[in-house]
Each structure stands twice: as structure tokens, then as C-alpha cells.
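What follows is the residue order along each chain.
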Amino acid sequence: MTGVNRKGEVWVFAEQHNRQLEDTPIELLGKARRLADTLRVKLAAALLGDNVKELANMLIHYGADKVYLAEHPLLQFYQATSFAKVMTGLIGKYKPQIVLYGATVTGRDLAPRIASAIKAGLTADCTDLQIGDHKAIKDGNLHKNLLFQIRPAFGGNIIATIINPERWPQMATVREGVMPMPEPDVKRRGEVIIEKTELTQQDLPLEILQEHKQPKKVNLKAARIIIAGGAGVGSKENFKLIWDLANCLGAAPAASRAAVDLGFIDRDHQVGQTGTTVRPSLYIAVGISGAIQHQAGMTQSKKIIAINNDPNAPIFNVAHYKIIGDLNKVVPMMIKAIKSVARGS
Amino acid sequence: MGYNCVVLIKQVPDTKRITGEVMNDDGTIRRSALAAIFNPEDLNALELALQIKDKFGGHITVITMGLPAASAILRDSLFRGVDDAILITDARCAGSDTLATSYILSCAVRKTAYDIVLCGRQAIDGDTAQVGPQLAEKLGIPQITYVEELIELAGRTITARRNIGNGWQQVRTKLPVLLTVTSEANESRFAAAKKMMKYKNAMTPIEAERVVRGQMSGVGGQGSGVSETQIKKLVDKKRNELEERGLLIKQWDLDSIGADLSWCGQGGSPTKVHRIQSVVLATKESKTIEPTTNGVSDMIHELMEDKIIA
Numbered sequence: 001m002t003g004v005n006r007k008g009e010v011w012v013f014a015e016q017h018n019r020q021l022e023d024t025p026i027e028l029l030g031k032a033r034r035l036a037d038t039l040r041v042k043l044a045a046a047l048l049g050d051n052v053k054e055l056a057n058m059l060i061h062y063g064a065d066k067v068y069l070a071e072h073p074l075l076q077f078y079q080a081t082s083f084a085k086v087m088t089g090l091i092g093k094y095k096p097q098i099v100l101y102g103a104t105v106t107g108r109d110l111a112p113r114i115a116s117a118i119k120a121g122l123t124a125d126c127t128d129l130q131i132g133d134h135k136a137i138k139d140g141n142l143h144k145n146l147l148f149q150i151r152p153a154f155g156g157n158i159i160a161t162i163i164n165p166e167r168w169p170q171m172a173t174v175r176e177g178v179m180p181m182p183e184p185d186v187k188r189r190g191e192v193i194i195e196k197t198e199l200t201q202q203d204l205p206l207e208i209l210q211e212h213k214q215p216k217k218v219n220l221k222a223a224r225i226i227i228a229g230g231a232g233v234g235s236k237e238n239f240k241l242i243w244d245l246a247n248c249l250g251a252a253p254a255a256s257r258a259a260v261d262l263g264f265i266d267r268d269h270q271v272g273q274t275g276t277t278v279r280p281s282l283y284i285a286v287g288i289s290g291a292i293q294h295q296a297g298m299t300q301s302k303k304i305i306a307i308n309n310d311p312n313a314p315i316f317n318v319a320h321y322k323i324i325g326d327l328n329k330v331v332p333m334m335i336k337a338i339k340s341v342a343r344g345s
Numbered sequence: 001m002g003y004n005c006v007v008l009i010k011q012v013p014d015t016k017r018i019t020g021e022v023m024n025d026d027g028t029i030r031r032s033a034l035a036a037i038f039n040p041e042d043l044n045a046l047e048l049a050l051q052i053k054d055k056f057g058g059h060i061t062v063i064t065m066g067l068p069a070a071s072a073i074l075r076d077s078l079f080r081g082v083d084d085a086i087l088i089t090d091a092r093c094a095g096s097d098t099l100a101t102s103y104i105l106s107c108a109v110r111k112t113a114y115d116i117v118l119c120g121r122q123a124i125d126g127d128t129a130q131v132g133p134q135l136a137e138k139l140g141i142p143q144i145t146y147v148e149e150l151i152e153l154a155g156r157t158i159t160a161r162r163n164i165g166n167g168w169q170q171v172r173t174k175l176p177v178l179l180t181v182t183s184e185a186n187e188s189r190f191a192a193a194k195k196m197m198k199y200k201n202a203m204t205p206i207e208a209e210r211v212v213r214g215q216m217s218g219v220g221g222q223g224s225g226v227s228e229t230q231i232k233k234l235v236d237k238k239r240n241e242l243e244e245r246g247l248l249i250k251q252w253d254l255d256s257i258g259a260d261l262s263w264c265g266q267g268g269s270p271t272k273v274h275r276i277q278s279v280v281l282a283t284k285e286s287k288t289i290e291p292t293t294n295g296v297s298d299m300i301h302e303l304m305e306d307k308i309i310a
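Sequence lines, in order, name chains A and B. Start counting the first sequence at 1; every next residue gets the next number (my numbering). Start counting the second sequence at 1; every next residue gets the next number (my numbering).
Be careful, since some hints might not be right.
Unchecked claim - Restraint-style ranges between C-beta atoms, simulated for each label pair: (1) E290/B with E183/A: 32 to 38 Å; (2) K195/B with V341/A: 57 to 63 Å; (3) E152/B with K213/A: 45 to 51 Å; (4) A192/B with R34/A: 55 to 61 Å.
Unchecked claim - Covered by chain A, according to a simulated footprint, are these stretches of chain B (three or more residues, beta-carbon under 8 Å): (5) 36-45; (6) 93-99; (7) 111-117; (8) 120-127; (9) 165-179; (10) 264-276.
Keep in mind that the hints were calculated from the coordinates and are not lab data. Even glycine gets a Cβ: it sits at the ideal position worked out from N, Cα and C.
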């Protein structure tokens, strides 16, 4: 909508399916909490569905001050038209200054439909969000406290910071898994605002005939950081090191074919010629010797760290950072270093 | 019978082939060094339209918004079997974000008959996947995004399978509808030799004028006494010839599609660029890090400074 709105709340769209909250709204609440605190406004979640009110407390535990709850039998299954209609109504009524969505298939289906309806700006697939000021080149006007929507563009070769200075709300979808999940605080209390929702069958042009969910696969292609373990990790139990490092970087865990064949991790995580080809910003190869088939799937990574106790491992030929040493010592050191920096900021 | 399909396509820089040669030393990209290609998933959208036409008959229109050079992908579409090709080109489109683009495209699509509007899932230069759903909203029609397979088209009812990230979903709706198509949907066909012969000289009015002026300069240029009025006449003649032979690619500007200029271009775009930072591509240089607390900690700091780790 046209005009400036810097007073409204910060909102997160609380994506849920079958009364199960997705991870993305939780990740978003962690980031959005800081944005709302910087702006000194309330953080709210918009929760749409049928019989989903028990999720409202969870959203509050993860940082929401308020939950706008829109329940209706026709909201049981997501579809763009009905959800966009309800969201558009809520946004018009409560006038948030920022609305965030996960860049899931649902978020990418819904957010542009809303943006078009309310003529708001929308930035796709952000990897970071900040609050900052912008001086317009055109007229020299200073816009204070804008949402900086930061995303890779041009095949990941540039990082663009996008703003919506003259319209509201400022909206963005945020890539899955890039924001760390906050810890829930079960003592947190918040307000649940129950919204009367009116919908008719006309608002549901799609008939959902069948749905098939595969157990959640890792999306290595979309990952900005990948931690891959090889046969050198030694055992399935020890592969926990890879998961731990991945968790503290918001990275995707992956593996070489050898590690998959040894049963350390599911085949969905395999990188290489017969697995997934990846091009993350950072690829950390742990205990991977670096056969050419593995290299074929990862040399396009912008930065590669290799950790191996064999100084002649071929992986070192493509690595930007070579760490010749025992992965059982180096990986915990990395986790510690990352955590101490994260605490410092 | 048959269906009217409108396919929205985009010419994009080939971002998948960025190599050291197109990078400047400071890490920025020399865009001019990148080939301009048919956006890959738009080819899947086009292929789906062609399959619909093969099976049910009907009419396919392709529309692109872009620079005059984007006519290349319109010719490519003619080679593959579309009936009509339209270029929207206008300097006032410059700086359009996805909202302004979807508005401009909606004005153009409204001028054509459509049952099914098809787009690629997303374009490889922006990767936003926003224009499809925004266009559907502007047209007031339902959308089926992430289409992997067209299951059935029967009368005014369409059934499709869409990817939902962690699985798939089969949905049905009434026409008209907008589909965004993924690369899993099909393999796009090659250009047909016969159609290539027929359409290789298809061109837009801008290109026709360029051809005529090129020929004029060949016979003596500006000083040759050929007046501007005569050139205009020759251009008109060339256009008429092309049109008679079915080789004129339609060219529309914002006036001809009745667009409200306040919703177009930079002024009509809510999103602005605050800053662009280059990501310096991997160099061949490598460092050896000591496997010690200090060595590892320095490396982590360096990666944060380089914005590799957020």
C-alpha cells in the first residue's frame, strides 16, 4: 500500500500444515524478535488454519508478543487464494510495518499473491534482515529504520540489499534454514487475538485431490553452507560431529558416497556425481579424501575448507583452507570458535 | 475447440556459466560478457503449452518484456511451434521490479484471449518466482505453482501435480488458470528445421527499420540524397511485406497495452536497491590453517569478515 508506515508491528506468517508448525516461522521469530526490539514495536504471528489455536502458545514461547488467530473450517488446507484473502484482510486491519514469510513452496506461492493484492514490495529468498537507514539518491531524503532485505542475486554472484522506502508493509520471504532457531521460553506469556473469519467455497478455487509427503529431505541445493563428512569420520555415532557443526552454522549436513555407503547418513545427503551437485558459499569437507566424483559435485562452492589427517588427500587440491589434523579435535575447535563469536555480536 | 495458451518468457543472462573470464578483478560481473539465453524453466512452460496444443489444438501466444534484443527468444519460440509472438519493449519499463512487471504483463495478457497462462517457475537472474503468482492475482484467476505434471485437461477442468517441497499434491481447478512450470515437467523440444527456415527472418518493427536503414547506408549513406520521408516509406513497405508473410513479430509499448504509467518502471516499483556487494569468487589461492584453537578461530573470523559465515 502506498505511504510510509514505521509505527506498525513486525509480523511473521506462521506456516502450518496439518496442525504442525513448520520450522521456518520459528526461525523467523528469532530474527524478527530482534528487529521488533530494535524498532521498539510488538512482534506478532499470523496463524491461519482450522482448529490450530494450540499452536498459538508455541509461537509465543518462541518470541511472539501477540498471535492473530484466524480459524475457519475452509482454512484446513492451505491454498493461495483463501489464505491471501485472509492475510490481506488482517494486514489492512492491523497495519503491520513488516511481514515476513518463509521461502518455502507455500511462502513463495502465498507472499507474491498478497503483495500484488496490496501493492506492496516483496523481496524473495532473503538470507539476512537488518534495520538501517537509507539516503535516497533521487531527492536526498533520509529514510530511517527501514528493513534491509539482504539476498544473493545473479546466480549467487552478488549480494543485494533491497528496501521498500515508500510503501507498506515491507515484506520478504526468508530462505529456509538460514536463521538459527531460537530456544523456546515456556514461561513467556502473550496475547491471542481471535479474528472472525468469513470464507465461502468461492474463495477456494483449487480442489486438493491427493497429497503425498515424503519424509523431509535435506535441500542441499539451497544451502548456503554445507558440512560434509566422509569415511574418515569413522562411524555413524561420530557423524554427530557433522550434525553439531551444521547446527551451529545453520548449515546443511551432507556426505560423500563412501560415508553414505557405510551407513553414516541417509542417501538424500550425498554430494557428488551420483548425488547432488552443490554450490554453496561455504563447503566444509570433513574426513573426505576427495575422489574426483566427489569433487565434481562441490568444486563450484565459493569457499572450501578441508579437514583431513592425510596431507596428500586430493581434497586439499581444491580447498581454500587446508587443515591437516585430526577432525575429532578440529571440529570441536570450530564449534567453539563460532559460538564464541556468536556470543560476542 | 482447443485451448488458448499464453506463455510468458524472459531473456536472461546465463548466470549458470559465470566463470573467471566474466568476472572483473574486483569481483563484479561483466554482464556484457554473459550470453543472453531463454530462461530455462520458461522453455518448460513453452513445452507444456506445445504439448497441450499437440493434443487438443488451439493457439499459443508468447509474450516477453525486455530490450529489443529479446526478440531472439521470440524467434526461438516460433521455431518450436508457437502461433504468435509479442515483444513488449518500452524505455519506461526500465527498473520495474516484480510488482511492476506483473502489472505490465497483466495489461498485455488481458489484450489476448487466454484459457491457460504459463510461466516458468522462476528466472535464473533473479530467482524470485514472484511474477507468476502476482500476475495470477492481477488477472483474478487461480494459480497452480511448481507444476511437475499436467495430469488431465478435460473441458474447462485442469488437473495437475505440483511439488510442495517435501512431496507432491494433485490439484484440480477450472479454467482460466495460471501455471508456473518446473524443470521436472518435461524436456523441451528442439526447434523444427522447417519452422526455422520459415521464421529465421521474422522480426520486430524496430529490427525491420534497422534493416532498411542498414541497406540505405550501404547505397551511399546520409549524403546519398535519400530523404527521411523516403526511408519512412521504405520502412513501412518492409513492415507490410513482413506482415503479409506472417513474419512480423508484434511489438507493444506501454501506451498500446493501456498501462497506467504510475504502476510501471522504477516509479511503479516499491522495492529499491540500497546496496550491491560483490561476492568475490573463489581464487586458486589456498591457505594452510594450523589445527590449533588460534588457527581455527582466525579462520572463522576471516570467513565472517568475508560474509561467508553470517
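To see whether the hints hold, each was checked on the structure:
1. E290/B with E183/A: 32 to 38 Å: Between E290/B and E183/A, where Cβ atoms are some 34 Å apart, the hint holds.
2. K195/B with V341/A: 57 to 63 Å: holds (59 Å)
3. E152/B with K213/A: 45 to 51 Å: Roughly 22 Å apart at Cβ, these two residues miss the hinted range, so it is violated.
4. A192/B with R34/A: 55 to 61 Å: holds (57 Å)
5. 36-45: Since 0 is below three, the answer is violated.
6. 93-99: holds (count 3)
7. 111-117: As far as the segment 111-117 of chain B goes, the hint is violated, because 0 residues have Cβ atoms under 8 Å from chain A.
8. 120-127: Coverage by chain A holds for the segment 120-127 of chain B (4 residues, Cβ < 8 Å).
9. 165-179: holds (count 10)
10. 264-276: holds (count 8)
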